[in-house]
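**Student:** Spelled out from the first residue to the last, the chains are:
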Amino acid sequence: MADDSHRQVDDVTGTETTGHEWDGIRELDTPTPRWWLWTFLGTVIFAIGYVIAMPAIPLIHTYTKGLLGYSQREVVAEQLANAKAERQGMENQILAADFKTIEQTPKLLSFAMAEGQAVFGDNCVPCHGQGGQGGNGYPNLADDNWLWGGTYDAIYTTIQHGIRSEDAKTRINNMPAFLKDGLLNSTQVHDVVEYVLQISGQDHDAAMAAKGKEVFMNQCVTCHGENGKGNQELGAPNLTDAIWQFGGTRKDITETVSNARNYVMPAWSSRLDPGVIKSLAVYVHSLGGGQ
Amino acid sequence: MSTPSLVDLANGHPPPAEGIERADVEAVNVGRGSIFEKRKKIYPQRVHGAFRTFKWIVMALTLGIYYVTPWIRWDRGPGVPDQAVLIDLAQRKFYFFFIEIWPQEVYFGAGLMILAALGLFLVTSVFGRAWCGYACPQTVWTDLFLVVERFFEGRRNERIKLDRAPWGLSKIARKTGKHLTWLVIAVATGGAWVFYFADAPTLAHELITFDAPISAYFFVGLFTFTTYALGGLMREQVCTYMCPWPRIQAAMMDAESLTVTYRVDRGEPRGPHKKGDTWEGRGDCIDCHHCVVVCPTGVDIRNGLQLACINCALCIDACNSIMDKIGRPRGLIGYDTDANIIRRENGEKSVYRPIRARTVIYAVLILIVGAIMAYAMGHRSYLNVAVRPDRSPLYVTLSDGRIQNGYTFNILNKHRDEGRYKIEVENMDGKAEVVGVGADESEANEPVVTVAPDESRSVRVIVRLPRGAVKSERMPLEFEIEDLTHGDEAEVHTEFQGPK
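Note that the protein sequences, when read in sequence, are chains A and B. Going by this note's numbering, the residue at position 128 of the first sequence is 128; the numbering climbs one at a time, nothing skipped. Going by this note's numbering, the residue at position 451 of the second sequence is 451; the numbering climbs one at a time, nothing skipped.
Where hints are given, some of them may not hold.
[To be verified] Listed next, the stretches of chain A that the computed footprint assigns to chain B, with coverage defined by at least 3 CB atoms under 8 Å from CB atoms of chain B:
hint, stretch
1, 76 to 85
2, 96 to 109
3, 127 to 136
4, 141 to 153
Quick caveat, the hints were computed from the structure, so don't treat them as lab data. Just so we're clear, the structure is a prediction, and the values are computed from it rather than from any experiment. Built from N, CA and C at the ideal position, the CB exists for glycine as well.
Work the whole structure out from these sequences, hints included.
**Tutor:** And the structure:
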């Protein structure tokens with residue numbers, strides 16, 4: 001308590017001072033209104049009631065649950081369930097509509113794009129990258145070059161069943177490991193690599209390429225086609241363009257021909273709902289290369 | 001009454017003047033109390049006069065505006081609310097007669113607030129606390145509640161007597177009547193509030209049939225409670241303890257601001273006056289306390305400018321009626337400035353200077369903000385376009401060597417019918433191929449997307465340029481968006497990214 005002997009009555013207001021003084025400035029001891037006191041006591045009583053009714057005190061392994069049994073976790077779980085139920089209506093519409101209808105119906109399109117983007121971010125980004133630009137070994141989904149087709153239906157099928165996955169309807173092909181499996185000898189491999197460099201418009205040894213062409217016609221045309229432009233039915237890439245899933249240098253192509261690159265993409269139908277996969281197909285189609 | 005009051009005689013005081021009774025009242029905000037002070041209840045006496053009349057008019061106007069506004073209709077065409085003033089939270093729109101504000105135009109609301117604040121500053125620096133005294137809802141509703149109190153409990157002395165009297169049938173009846181009427185007014189206040197947020201006739205029907213959303217009942221309840229508590233029970237305590245404005249106003253006022261002033265130079269020395277005595281050598285104040293007894297915040301204006309004084313001017317009316325009775329000129333209490341009191345003490349004439357640096361600055365600021373808002377309002381577009389280039393990948397090389405960039409457009413159509421928007425690249429000499437995801441199939445070359453009325457739509461747009469046209473890693477790219485239905489146009493500037 002302040003020393004009461006210094007308490008004075010202020011002339012102007014007629015109110016007592018606290019007795020404190022700083023450089024001649026004194027502090028008025030204006031009385032607090034009574035209702036303020038009651039409000040303060042009211043908050044104290046409320047706090048006691050709150051501690052009894054609501055989760056409040058942390059214990060070592062648990063906490064006091066409160067008489068009302070309120071739990072934020074349960075509220076969130078309920079809200080998530082509600083949100084899912086609300087989405088279900090749109091989900092069903094997406095599932096029922098064909099892709100052209102989805103594309104031409106703004107409401108469906110914006111739902112599919114939003115859902116597709118979210119699902120892409122959760123599941124596809126680790127391999128295909130944010131925005132689908134891919135990386136070495138993982139195809140770019142934003143360009144116009146498609147291994148298994150870039151139409152809505154083709155993309156939908158690829159996502160559903162995967163590539164070389166455990167799904168019964170998986171997309172599959174098997175490029176032989178020509179050198180490893182002894183189908184070609186090392187000279188033939190080098191020759192055919194020079195030929196592939198030639199048709200893709202890169203620096204090459206013309207003499208070797210000429211010999212390589214024969215090898216190509218015997219071994220590769222079945223899948224990659226006579227002109228090397230590939231075949232999406234079989235997932236055989238176009239070898240004449242500048243886009244390479246596993247690299248387009250002499251070294252990369254030699255490695256591919258010698259040991260093959262039988263990559264795997266998982267089938268998503270076992271992990272995602274069909275409607276979600278459809279939205280995902282719409283999103284992937286929109287990235288820039290959809291046909 | 002020509003006989004001295006019993007109170008005065010009992011206390012041994014002479015009456016203030018012949019025929020004037022000293023009001024038995026002390027200002028509530030003087031003297032010493034304990035640490036926690038009990039509220040001294042105020043029983044304002046009824047007063048008649050010019051300012052009281054003006055306050056009745058202001059009360060009728062402000063309450064009228066508040067209760068009637070939600071019911072004004074304003075035809076905006078089919079499918080749009082026809083309520084003149086409506087804050088449509090569900091559709092995120094604010095309607096004000098011919099103005100319609102979208103959420104992204106919330107700066108109009110901010111501008112309005114700034115204008116209101118500056119207006120308050122200007123009024124305060126010129127007229128003092130005119131807002132507090134006349135227009136503040138706390139003042140208006142307290143006044144209204146006092147009318148009810150007077151109706152049930154009678155005049156000041158009767159009210160004091162009633163409060164002191166033991167509980168009986170009459171007291172219970174009067175108090176119950178008063179509080180019930182207060183509650184009815186409070187419910188009406190809360191009820192009117194929610195009408196600003198929904199179609200008033202529909203909501204009124206729903207409220208009565210108990211079909212209204214729970215939030216409507218909650219807000220009606222909340223405003224019932226606050227109106228009843230603040231206007232009926234707490235009254236002047238809201239002004240003296242809760243409201244920040246009395247504290248802030250000092251910054252807007254100076255010695256030239258008008259305030260309700262006791263003209264101390266004319267009133268002092270105060271004291272009782274006997275009929276026939278001279279008025280020479282003494283002040284006009286006969287210390288009758290009528291200025292105190294009518295004060296709704298219970299202060300004594302003769303103590304000078306003070307926080308609790310809301311400048312309601314009722315003491316002016318009270319004092320003028322006394323001056324009339326004792327034959328002295330009116331205006332012992334009146335609107336005056338601190339500077340004038342000093343001027344008169346120095347023998348100079350009173351002048352009122354409303355045009356001062358401070359008021360000019362406030363007025364100029366109001367003009368500037370108002371002009372900016374009017375300009376912005378007049379140049380509002382019905383089309384808003386924002387574009388976001390893809391961050392990843394920055395660009396994509398296509399199999400034929402062309403470079404591709406992706407963009408996300410947000411097109412906002414503020415028209416009440418569908419808009420068809422053509423998206424073009426302006427600055428690439430027609431070399432750019434532009435593809436819009438979800439664009440109309442009928443338009444082959446430039447993508448045309450439709451946006452529903454009153455909606456915004458996100459559209460993915462792909463731009464492809466020949467390798468030769470990509471001259472640097474980052475080139476400026478200009479889009480032009482044209483509304484084929486309404487003719488609105490918008491240009492957006494962004495970048496096209498390419499390889500080194």
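**Student:** All hints, please: hold or fail.
**Tutor:** For each hint, the structure was consulted:
no.: 1; hint: 76 to 85; result: violated (count 0)
no.: 2; hint: 96 to 109; result: holds (count 4)
no.: 3; hint: 127 to 136; result: holds (count 5)
no.: 4; hint: 141 to 153; result: holds (count 4)
Against the hints set out earlier in the document, a violation occurs for number 1 only.
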